[in-house]
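Asks: The task is simple: from the sequences and hints, build the whole structure.
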Amino acid sequence: MQDSDRLIRWLIVLGAVCLALFPLAGSTFYLQLLTKIMIMAIFAMSLDLIVGYTGLVSLGQSAYFGFAAYMLALASPKGAAASLWLTLPGALAATAALSLAIGLLVLRTAGIYFIMVTLAFAQMLYYLFHDTGLGGGSDGIYIHVRPSLALGDFNPVNLADHTHFYYLVFALMLGAYLLLRAVIASPFGRVLVAIRENPVRVRSLGFQVFNYKLGAFVLAGTLAGLAGYLSACQFGFVNPEILSWHYSGIVLMMLLLGGMGRLYGAVIGAFAFILVQELFSLEALFGDFARRWQLSMGVFIVLVVLLLPRGLSDLVERLGRGAAKRAAG
Amino acid sequence: MTEPVLVATGLTRQFGGLTAVAGVSLELAHGVVHAVIGPNGAGKSTLANMLAGELRPSAGSIRYAGREISQLSADRRSRMGIGRSYQTTNVVRDFSALENCRLAAQSREPHAFNWLRSARSYRGIVEAAERSLEAVGLAQRAAVPAGHLSHGEQRQLEIAMCLATRPRVLLLDEPLAGMGAEESVSMIELLRAIAAEHAVLLIEHDMDAVFALAGVLTVMASGAVLDSGEPARVRANPAVQEAYLGEYDA
Ligand SMILES: Nc1ncnc2c1ncn2[C@@H]1O[C@H](COP(=O)(O)OP(=O)(O)OP(=O)(O)O)[C@@H](O)[C@H]1O
Ligand SMILES: [Mg+2]
Chain Z
1 MQDSDRLIRW
11 LIVLGAVCLA
21 LFPLAGSTFY
31 LQLLTKIMIM
41 AIFAMSLDLI
51 VGYTGLVSLG
61 QSAYFGFAAY
71 MLALASPKGA
81 AASLWLTLPG
91 ALAATAALSL
101 AIGLLVLRTA
111 GIYFIMVTLA
121 FAQMLYYLFH
131 DTGLGGGSDG
141 IYIHVRPSLA
151 LGDFNPVNLA
161 DHTHFYYLVF
171 ALMLGAYLLL
181 RAVIASPFGR
191 VLVAIRENPV
201 RVRSLGFQVF
211 NYKLGAFVLA
221 GTLAGLAGYL
231 SACQFGFVNP
241 EILSWHYSGI
251 VLMMLLLGGM
261 GRLYGAVIGA
271 FAFILVQELF
281 SLEALFGDFA
291 RRWQLSMGVF
301 IVLVVLLLPR
311 GLSDLVERLG
321 RGAAKRAAG
Chain D
1001 MTEPVLVATG
1011 LTRQFGGLTA
1021 VAGVSLELAH
1031 GVVHAVIGPN
1041 GAGKSTLANM
1051 LAGELRPSAG
1061 SIRYAGREIS
1071 QLSADRRSRM
1081 GIGRSYQTTN
1091 VVRDFSALEN
1101 CRLAAQSREP
1111 HAFNWLRSAR
1121 SYRGIVEAAE
1131 RSLEAVGLAQ
1141 RAAVPAGHLS
1151 HGEQRQLEIA
1161 MCLATRPRVL
1171 LLDEPLAGMG
1181 AEESVSMIEL
1191 LRAIAAEHAV
1201 LLIEHDMDAV
1211 FALAGVLTVM
1221 ASGAVLDSGE
1231 PARVRANPAV
1241 QEAYLGEYDA
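Protein sequence lines correspond, in order, to chains Z and D.
Reminder that position 297 of the first sequence reads as 297 in this note's numbering, one-by-one numbering, no gaps.
To convert, count from 1 in the second sequence and add 1000; that's this note's numbering.
Bear in mind the hints are in silico, worked out from the structure with no lab data behind them.
Don't take each hint at face value.
Claimed, not checked - Derived CB-CB ranges, DEER-like:
| hint | chain 1 | residue 1 | chain 2 | residue 2 | range |
| --- | --- | --- | --- | --- | --- |
| 1 | D | GLY1124 | Z | LEU151 | 42 to 52 Å |
| 2 | D | GLU1189 | Z | ALA182 | 22 to 32 Å |
| 3 | Z | VAL305 | D | GLU1127 | 42 to 52 Å |
| 4 | Z | ASP139 | D | ALA1143 | 51 to 61 Å |
| 5 | Z | THR109 | D | PRO1145 | 43 to 53 Å |
| 6 | D | ALA1143 | Z | LEU86 | 22 to 32 Å |
| 7 | Z | GLY322 | D | ARG1067 | 31 to 41 Å |
| 8 | D | LEU1018 | Z | THR109 | 53 to 63 Å |
Unchecked claim - Chain D regions said to be covered by chain Z (calculated; three or more residues, Cβ under 8 Å):
| hint | stretch |
| --- | --- |
| 9 | 1023-1035 |
| 10 | 1101-1107 |
| 11 | 1113-1122 |
Each residue gets a CB set at the ideal place from its N, CA and C atoms; glycine is no exception.
Replies: Written as structure tokens, this is what we have:
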């Protein structure tokens, strides 16, 4: 047990080192692909906090991702850079407020009803942006210039530079991981896990379960907002699709694929999902079938879930246990 | 007798057409074990659930610490000092024994916790958790996941979790259920020690435990109180003998 934990820790460090060194070797195409994956990893980790750790299955996480992305788009002046120092905290605060308001309502329900109402709120937001002129309707809005980190003349990180942007996203993904890890080990996080396992007991021990769930919901929404903000930066474009329920579904599938309730599972899931998607859509490999990558993707996910019910990270843990046994024996 | 800590009057609970508890009144006093016995389905657990706040009474009142609490939530009552254990073991199975108690002890801290500081690093809480494990004799098993403990040990853990919340009142729903003879003896000793410092409601089918511990005995049948008072007297009541104790040869 201890040894497999140690192995996993080393694998995480190794993965982080590889990602840190990647820009020295990789092409722009892969740099951008990895940037996109790391943004999705932040998104998937945010969902893991409520689905994997607190036991609340949400189908509306795209609401917070998309909302923060729209906040950046709406705050960006045409043809000039917005300041990241203003727009990022602003977008996150607005997203936190939104998830607080929605959380206060949806957390009164449980189980299948919770899934339905989280979905309903995300759809409301989708139609708000789709059917009104608020954010350019169904066409969306362009962000012509990426936000800037400049403080006066001092501009250490230039987000228009692919490598700089890559490192910013990398640092934020690492930060989100370490933040969530600390939160989960804290007294607050321990209560969340206990709520997932045994909510009745947690309540009879004197905890106000609702408040704990709300805390987790808002933190998760805010982190999803961070991912949405970064995604809007990367693509320079927002449209209502990023609020839609199938975006929430994709991130949930990443979590299933990687394994819930372990954080690094969310990261593995984001990498696996997008890399496999890229693979299946390679015409050189799959010919005409490449255009129907969703089909191959579906088969892949079904296979993983059948063979590894606890996701791909289960594979890593089994390897860890095997290695530990060999070392002991 | 000392001033009662908790007074329930006319507690009633209906489930649809069924009256599970019908006008039950009882008092719990510091240092006294108030045992409640009765055949299966008599309404004992429903009574405990109403006192703990997990079920709202259809009628009746519960006074505790000078106020009416029958409409307060379960978590509120727990924070006011009413602790409980469950008829079927109810622990966090993935957590170690120590972590279960740490969770319980943590619930008593009035301040908010630092979200970035490890739960293990709060010395006071860890020590309180260790003391409660010590008290029930589980100190050696602190690191074992609760789900891997034996049935008897899980019952002890539940008591330890209650103690870690520093309650004034303990509502124990069949703490000896499913325990072996030897385990029962040590559990009775444990409950005796606990009773000196708490007001205890003890629901139990084990008559040895009941007569060893009870200062007051209430017998329930079909939701109502058949008799209540000094154990030796209640035991001799022919109605009680007929309804329940007939099965028990002392
Ligand atoms: N949530 C519920 N919904 C409907 N009926 C219930 C509910 N809980 C209990 N009852 C019914 O109320 C009656 C009293 O049940 P209760 O569990 O309080 O009995 P008990 O005295 O604890 O019995 P036992 O000794 O078997 O634990 C039973 O007839 C039971 O079926
Ligand atoms: Mg019962």
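Asks: Run every hint past the structure and note whether it holds.
Replies: Structure-based check of all given hints:
Against the hinted window of 42 to 52 Å, the Cβ-Cβ separation of GLY1124 of chain D and LEU151 of chain Z comes to about 43 Å, which satisfies the hint. At about 42 Å, the CB distance of GLU1189 of chain D to ALA182 of chain Z disagrees with the hint of 22 to 32 Å. Look at VAL305 of chain Z against GLU1127 of chain D: about 44 Å separates their beta carbons, and that is inside 42 to 52 Å. For the pair ASP139 of chain Z and ALA1143 of chain D, the supplied restraint of 51 to 61 Å holds, since their beta-carbon distance comes to about 59 Å.
The hinted window of 43 to 53 Å between THR109 of chain Z and PRO1145 of chain D is violated, with their beta carbons roughly 31 Å apart. Evaluation of the 22 to 32 Å hint for ALA1143 of chain D and LEU86 of chain Z yields a failure: the beta carbon distance comes to about 49 Å. For GLY322 of chain Z and ARG1067 of chain D, the hinted distance range of 31 to 41 Å is not satisfied, since their beta carbons lie about 59 Å from each other. Take LEU1018 of chain D and THR109 of chain Z: their Cβ atoms lie about 28 Å apart, and the range 53 to 63 Å is violated.
Taking a C-beta to C-beta cut-off of 8 Å, the stretch 1023-1035 of chain D contributes 0 residues in contact with chain Z, too few for the three needed, and the coverage statement is violated. As drawn, the stretch 1101-1107 of chain D meets chain Z at 5 residues by the rule of a beta-carbon pair under 8 Å; at three or more, the given contact holds. Counting residues of the stretch 1113-1122 of chain D whose CB falls under 8 Å from any CB of chain Z gives 9; the rule of at least 3 is met.
When held up to the earlier numbered hints, the structure conflicts with 2, 5, 6, 7, 8 and 9 and fits the remainder.
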